[in-house]
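Listed here are the chains, written in short residue letters.
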Amino acid sequence: SQKIEQNSEALNIQEGKTATLTCNYTNYSPAYLQWYRQDPGRGPVFLLLIRENEKEKRKERLKVTFDTTLKQSLFHITASQPADSATYLCALDLTGGGNKLTFGTGTQLKVEL
Amino acid sequence: DAGVIQSPRHEVTEMGQEVTLRCKPISGHDYLFWYRQTMMRGLELLIYFNNNVPIDDSGMPEDRFSAKMPNASFSTLKIQPSEPRDSAVYFCASSTGQGALGAFFGQGTRLTVV
Chain Y
1 SQKIEQNSEA LNIQEGKTAT LTCNYTNYSP AYLQWYRQDP GRGPVFLLLI
51 RENEKEKRKE RLKVTFDTTL KQSLFHITAS QPADSATYLC ALDLTGGGNK
101 LTFGTGTQLK VEL
Chain E
1 DAGVIQSPRH EVTEMGQEVT LRCKPISGHD YLFWYRQTMM RGLELLIYFN
51 NNVPIDDSGM PEDRFSAKMP NASFSTLKIQ PSEPRDSAVY FCASSTGQGA
101 LGAFFGQGTR LTVV
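Respectively, the protein sequence lines represent chains Y and E.
Using this note's numbering, the first residue of the first sequence is number 1, and each one after it goes up by one.
Using this note's numbering, the first residue of the second sequence is number 1, and each one after it goes up by one.
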């Protein structure tokens with residue numbers, strides 16, 4: 001069966017450290033993989049997209065890797081800040097048009113002072 | 001642009017009643033999506049439209065759910081009759097259809113069916 005797995009347990013890290021979140025999937029061949037941030041009581045906000053032929057993508061303090069052999073994406077936040085505390089969702093885009101996104105259940109990140 | 005606008009933000013209704021959720025997408029976006037989020041199942045795509053036409057409704061749970069998009073600036077998701085298991089947060093999102101830009105989500109409607 002098809003599955004997208006993210007760390008179900010919350011991730012607590014200290015301010016200034018690098019947070020690394022994992023997204024693993026099975027029985028999918030996504031064209032794109034997207035990462036979103038969701039704050040309590042709000043809708044998800046798009047952060048980054050990485051294509052199947054890209055190994056790594058960066059945006060400011062964010063870095064995403066995509067290993068289609070391992071069927072895994074890693075999402076890194078460097079120099080983390082308390083304001084980075086949120087739930088982070090990965091989403092698989094099977095069509096490449098961003099139209100049919102299948103989301104993981106998300107990982108809650110808490111950055112402590 | 002004010003972003004994707006959903007109404008109401010909260011809805012409490014009794015089992016068996018009809019519920020209508022509303023969405024105004026971002027102007028110029030050709031795609032509109034309805035998602036449902038629960039603790040158990042996460043964020044699930046229910047249906048999406050392209051240029052006001054429903055393209056894929058395979059995520060709609062059953063016939064009690066229906067969605068319409070009468071024009072480019074308005075969509076509704078209707079549940080009739082509602083059941084307690086429909087309680088969830090319903091999100092509307094819109095996009096340009098270019099995957100690189102992602103989807104823009106509204107604030108969601110928290111539905112409670114008692």
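Simulated from the structure, these hints should not be mistaken for laboratory data.
Take the hints with a grain of salt, since some may be wrong.
[What the hints assert, rightly or not] The list that follows gives simulated cross-link-like pairs (lysine-lysine, DSS-like), each with its CA atoms no further than 27 angstroms apart:
{"no.": "1", "chain 1": "Y", "residue 1": "K100", "chain 2": "E", "residue 2": "K78"}
{"no.": "2", "chain 1": "Y", "residue 1": "K17", "chain 2": "Y", "residue 2": "K59"}
{"no.": "3", "chain 1": "Y", "residue 1": "K57", "chain 2": "E", "residue 2": "K78"}
{"no.": "4", "chain 1": "E", "residue 1": "K68", "chain 2": "Y", "residue 2": "K59"}
Cross-check of the supplied hints:
no., hint, result
1, Y:K100 <-> E:K78, "21 angstroms, holds"
2, Y:K17 <-> Y:K59, "17 angstroms, holds"
3, Y:K57 <-> E:K78, "39 angstroms, violated"
4, E:K68 <-> Y:K59, "37 angstroms, violated"
Taken one by one, the earlier hints fail for this structure at numbers 3 and 4, listed in ascending order.
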